[in-house]
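Student: Single-letter residue listing:
There are 2 protein chains.
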Amino acid sequence: MAQYKAPLRDIRFLLEEVFDYPHTIATFEAFRDFDLDTVMAMVEQVGDFAANEMLPLNKSGDAAGIQLDPATHTVTTPAGYKELYRAFVEQGLVSLTQPAEFGGTGAPHCLNTVLGEIQTSCNLAFALAPGLSHGAMEALEHHAAPALRDVYLPKLVSGEWMATMCLTEPQCGTDLGLISTKAQAEGDHWKLTGTKIWITWGEHDLTENIIHLVLGRLPDAPAGIKGISLFLVPKILPDGTRNAITCGGLEHKMGIHASPTCVMNMEGAHAWLVGEPHKGMRGMFTMMNAARLMVGVQGLGAAEFAYQTALRFAKERRQSRSLNPARREAGQAADVILVHPDVRRMLLNIKASNEGLRALAYWTAINTDLSRSHPDERARQGAADLVALLTPLAKSYLTERGFDNISDAMQVCGGSGYTRDWDIEQTMRDERIAMIYEGTNHIQAIDLVGRKLGEDHGRLYHVFGEKISLFLKKNSANSALTDFALPLSKVFGRLNEATQLLATQGQPDPEFADAVASNYLNLFSLTAIAYLWCLQVKAALGQTDAFHLTKVKTARYFFDCILPETATLSALIRAGKGNMMDFAVEEF
Amino acid sequence: MAQYKAPLRDIRFLLEEVFDYPHTIATFEAFRDFDLDTVMAMVEQVGDFAANEMLPLNKSGDAAGIQLDPATHTVTTPAGYKELYRAFVEQGLVSLTQPAEFGGTGAPHCLNTVLGEIQTSCNLAFALAPGLSHGAMEALEHHAAPALRDVYLPKLVSGEWMATMCLTEPQCGTDLGLISTKAQAEGDHWKLTGTKIWITWGEHDLTENIIHLVLGRLPDAPAGIKGISLFLVPKILPDGTRNAITCGGLEHKMGIHASPTCVMNMEGAHAWLVGEPHKGMRGMFTMMNAARLMVGVQGLGAAEFAYQTALRFAKERRQSRSLNPARREAGQAADVILVHPDVRRMLLNIKASNEGLRALAYWTAINTDLSRSHPDERARQGAADLVALLTPLAKSYLTERGFDNISDAMQVCGGSGYTRDWDIEQTMRDERIAMIYEGTNHIQAIDLVGRKLGEDHGRLYHVFGEKISLFLKKNSANSALTDFALPLSKVFGRLNEATQLLATQGQPDPEFADAVASNYLNLFSLTAIAYLWCLQVKAALGQTDAFHLTKVKTARYFFDCILPETATLSALIRAGKGNMMDFAVEEF
Numbered sequence: 001m002a003q004y005k006a007p008l009r010d011i012r013f014l015l016e017e018v019f020d021y022p023h024t025i026a027t028f029e030a031f032r033d034f035d036l037d038t039v040m041a042m043v044e045q046v047g048d049f050a051a052n053e054m055l056p057l058n059k060s061g062d063a064a065g066i067q068l069d070p071a072t073h074t075v076t077t078p079a080g081y082k083e084l085y086r087a088f089v090e091q092g093l094v095s096l097t098q099p100a101e102f103g104g105t106g107a108p109h110c111l112n113t114v115l116g117e118i119q120t121s122c123n124l125a126f127a128l129a130p131g132l133s134h135g136a137m138e139a140l141e142h143h144a145a146p147a148l149r150d151v152y153l154p155k156l157v158s159g160e161w162m163a164t165m166c167l168t169e170p171q172c173g174t175d176l177g178l179i180s181t182k183a184q185a186e187g188d189h190w191k192l193t194g195t196k197i198w199i200t201w202g203e204h205d206l207t208e209n210i211i212h213l214v215l216g217r218l219p220d221a222p223a224g225i226k227g228i229s230l231f232l233v234p235k236i237l238p239d240g241t242r243n244a245i246t247c248g249g250l251e252h253k254m255g256i257h258a259s260p261t262c263v264m265n266m267e268g269a270h271a272w273l274v275g276e277p278h279k280g281m282r283g284m285f286t287m288m289n290a291a292r293l294m295v296g297v298q299g300l301g302a303a304e305f306a307y308q309t310a311l312r313f314a315k316e317r318r319q320s321r322s323l324n325p326a327r328r329e330a331g332q333a334a335d336v337i338l339v340h341p342d343v344r345r346m347l348l349n350i351k352a353s354n355e356g357l358r359a360l361a362y363w364t365a366i367n368t369d370l371s372r373s374h375p376d377e378r379a380r381q382g383a384a385d386l387v388a389l390l391t392p393l394a395k396s397y398l399t400e401r402g403f404d405n406i407s408d409a410m411q412v413c414g415g416s417g418y419t420r421d422w423d424i425e426q427t428m429r430d431e432r433i434a435m436i437y438e439g440t441n442h443i444q445a446i447d448l449v450g451r452k453l454g455e456d457h458g459r460l461y462h463v464f465g466e467k468i469s470l471f472l473k474k475n476s477a478n479s480a481l482t483d484f485a486l487p488l489s490k491v492f493g494r495l496n497e498a499t500q501l502l503a504t505q506g507q508p509d510p511e512f513a514d515a516v517a518s519n520y521l522n523l524f525s526l527t528a529i530a531y532l533w534c535l536q537v538k539a540a541l542g543q544t545d546a547f548h549l550t551k552v553k554t555a556r557y558f559f560d561c562i563l564p565e566t567a568t569l570s571a572l573i574r575a576g577k578g579n580m581m582d583f584a585v586e587e588f
Numbered sequence: 001m002a003q004y005k006a007p008l009r010d011i012r013f014l015l016e017e018v019f020d021y022p023h024t025i026a027t028f029e030a031f032r033d034f035d036l037d038t039v040m041a042m043v044e045q046v047g048d049f050a051a052n053e054m055l056p057l058n059k060s061g062d063a064a065g066i067q068l069d070p071a072t073h074t075v076t077t078p079a080g081y082k083e084l085y086r087a088f089v090e091q092g093l094v095s096l097t098q099p100a101e102f103g104g105t106g107a108p109h110c111l112n113t114v115l116g117e118i119q120t121s122c123n124l125a126f127a128l129a130p131g132l133s134h135g136a137m138e139a140l141e142h143h144a145a146p147a148l149r150d151v152y153l154p155k156l157v158s159g160e161w162m163a164t165m166c167l168t169e170p171q172c173g174t175d176l177g178l179i180s181t182k183a184q185a186e187g188d189h190w191k192l193t194g195t196k197i198w199i200t201w202g203e204h205d206l207t208e209n210i211i212h213l214v215l216g217r218l219p220d221a222p223a224g225i226k227g228i229s230l231f232l233v234p235k236i237l238p239d240g241t242r243n244a245i246t247c248g249g250l251e252h253k254m255g256i257h258a259s260p261t262c263v264m265n266m267e268g269a270h271a272w273l274v275g276e277p278h279k280g281m282r283g284m285f286t287m288m289n290a291a292r293l294m295v296g297v298q299g300l301g302a303a304e305f306a307y308q309t310a311l312r313f314a315k316e317r318r319q320s321r322s323l324n325p326a327r328r329e330a331g332q333a334a335d336v337i338l339v340h341p342d343v344r345r346m347l348l349n350i351k352a353s354n355e356g357l358r359a360l361a362y363w364t365a366i367n368t369d370l371s372r373s374h375p376d377e378r379a380r381q382g383a384a385d386l387v388a389l390l391t392p393l394a395k396s397y398l399t400e401r402g403f404d405n406i407s408d409a410m411q412v413c414g415g416s417g418y419t420r421d422w423d424i425e426q427t428m429r430d431e432r433i434a435m436i437y438e439g440t441n442h443i444q445a446i447d448l449v450g451r452k453l454g455e456d457h458g459r460l461y462h463v464f465g466e467k468i469s470l471f472l473k474k475n476s477a478n479s480a481l482t483d484f485a486l487p488l489s490k491v492f493g494r495l496n497e498a499t500q501l502l503a504t505q506g507q508p509d510p511e512f513a514d515a516v517a518s519n520y521l522n523l524f525s526l527t528a529i530a531y532l533w534c535l536q537v538k539a540a541l542g543q544t545d546a547f548h549l550t551k552v553k554t555a556r557y558f559f560d561c562i563l564p565e566t567a568t569l570s571a572l573i574r575a576g577k578g579n580m581m582d583f584a585v586e587e588f
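Protein chains in written order, with this note's numbering: chain A, 1 to 588; chain B, 1 to 588.
This is chain A alone, in the form it adopts within the complex (with noise of 0.2 Å):
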């Protein structure tokens, strides 16, 4: 019943027409094997295989859920995984944006945000899986010693072994600084003990080698976050025998059945050190930049498939007449639902916002390879300052918008949406995890808040600022971008009335920044879309084509129904902590 179809023509307009793609990463010497039709055919296959094969095994998957025999520790994915895995990796997916020298076909990074958004769309719970992996190479490749990387970052780029992060422990998980696993010294390597909870593929049967990136303390680490150091932990040795790190408990959650999220136990586990003594965050931040940018992308992805589910019932299921006699379909008794104004609103909330999520995807991914790959540094370093200051936007806006999306589609489907035949109540259940993995969504509001903003004298915000000032000084003659540059320039002043607003009250007082951070994040979020909703017009005006002319109708839509909910964050951060610190323990 369920059915995708790649969303070809928008992402092929994000990347041509909006943010330049055959004029700049096409043209790095890296890349040049990578041209925009080049790239499109490959979206395109994977296009094809997310739909053929993945989709297929996303409700078995979560009817099946997955099976741990707690005497041998080993788990049980659901039919098919293997076989599905196998093909994923034929397909090239899990090697593509690694560097040739390990393997790698070396596309640039983009490509992990737009197919990343397909493989979602289609099976959030497997496609996990080859994420984490993704994250765990980046690390390797940027903090692990040769004589390490070289014996397991060729096998994970060729998809032959897998891997994960271990970072949450039962005693903390926003707050890592509470670690407490513990490494031993033992020749040249060390011997971790300790539990870590919440690990999403910690162990199952896809590959017969796991790889963990574990957070631990050396004996001699200072307290807090400040002692933590990374290591590398694999399943099975170099010598053929387990190693001490095993799944002692499967979690049993609302969503992502057919994704293992286990409790590992490491008792002794050999393990090697991965970059320098007790600044294993740093490898792990370099993990979780990338791993953020695509949870955001999960709650793009839903959203997608929850639309297109929705709308393809909107055009089947019939229920009363138009309210316009001129829309009533002669011979008839009703008319299909999409005729109803409500239902248009539900729909047009969720297709605006979602291409405006995409498009803040799509900016924040771009800015990865131009910051890696732009021959000039000024260049590079502005891309870093964006990419640094987006991600943590990307990784909540997307989520916590995605969520309200798919609830939307539910909505438009009435009792059947609720019903397991129409696979957006998966969707939610799955989806609804990403608004608290990878740091809670408050988290990238305190990153955002309380790193992002202040760093250099707000020098990120200042190269956010300056585009969209650059923008609207350079379009201000131009009549018809008016309904839209207005709005934006309304939208820029209420930020920059915001973060003034933090500066002076948030500098001295973290409680208030604390409790605005979130409504902050979402105003700067808004912001941002409204920006990029203006850069996908300026592309459209003038194209007589359907694509282009549909455009500008959604940008008008986003300008008229979404952005408005500016306002209210714009209150309720003037508002700032109001009375909520006030209340006693016994108050609640």
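Just so you know, these hints were derived from the structure itself, not from any lab.
Which copy is meant is left open, so a pair is good if it fits within one copy or across any two.
For lysine-lysine, the following BS3-like pairs were computed, each having C-alpha atoms within a straight-line distance of at most 30 Å:
id : residue 1 : residue 2
1  : K553      : K474
2  : K182      : K315
3  : K315      : K226
4  : K553      : K473
5  : K279      : K155
6  : K82       : K59
7  : K182      : K279
8  : K279      : K226
9  : K226      : K182
Given the coordinates of chain A, work out where chain B should sit on it, guided by the hints.
Tutor: Coordinates of chain B only, in the frame set by chain A:
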């Protein structure tokens, strides 16, 4: 693991100090046995019953689900549910508000709302079953011929039998005019043939007999909604034989797994007409109005359970130190997360909105009793007007806000909230249907905008507006109230402006009205709740005990940090239908 405590203090406050139960309802002849202390003793007893008997079966019922034997069409409920139903009957909860002449206890109807919240907090799937019986009893009491009524009503009141409401057919949910179930005359009764879907508790093993109230058409029925009649179709006929109405299948849903949602097939089922031919919607509306308030209460009950759970988590879980050194607990590596502003923000958003939702539900419920039992006819009419106006708000806003609150509660609990261990995930899955069934939330908005607003030149709106104007006028000199009365006055202005816009633009253009109806309903709800918060503040001000002091603080939080949502709602209503009707089908 799951725990629950009925919010007794808030319940008493609302009944006694805000809605003046002791000097209104308790003084009516019919309710002289139900003074406030008696009522509160009942509430406390039901709170204990719900926490100790209903809640423990909530999670096990979700896991076990419902079994259908297709050969015999029998449906088996989860372990313990038969015993639970018997205990529920013994608590007097089925007969509570039924008239004494049919074996009922004759309690005020508002108790259904008070106790309904408690039951829903603890076990929604189960609570649905007696809830449906209740609606059916109302319909039989008011519409069935005495001969028919006297056979069925006493056995429903005693709880020996249960009832259902059978409306939806595969081709019609929202649009009941499309109903095609057909009746053929046979002697003094009818033979019904057709298929009904989404029938909640349509078949089960809790009682021997099940009394179905079914919408269908007589042979001479006019087309559409004006040709629908209401029939009574028992599972077991008076002579003890099995009637030709059977369960043909169960829906597989996201939640309420312990509640069977049935396809019901009738093949010449023996049926009796309830009320007049072709006037079936009347009887159905009698059932639906009470049922709609009860569905709203489901949203509140679920959100209250989620709040209590998240609060328990936030008091136990330690992560990070407080941002304010003065709040740091000595001898701890981290503080309980309740000290963090963002956690407080989420919890207060839930607490302050839940207490507003409860006040809205009670206002509707109290007016139900006033409309039926007040000695003064004008008072009865005014109360009936309020019930008519408030019912769509209660159904839609409580379920929508309730769902958002559950999602916030999950966010407070982080990863734990996503697992089955903390029960919120089930609450989210269970509650989501409340936005859909009993008329989708948009149907409520249409009811408000298209029917209730226009009734008798706006009489209902006038009754509502007078309450607010009078309050503002009476209290204009009370400076202690200014912080609350001023924003009330402002939001009332916004609502008046929106209502005016609906009159001028929505009247001539039904598509405009439909496009803004849902946002208008939310603006209306927040206005009503702001008024009710003012009543709460007025009752609490000047009292120095902890409960009343916290009430005023919570009110302040509502006005500062929730009511600003109306800024966006106003802007969206002004945006009207925007360009949403300009999109061709293929542009979506």
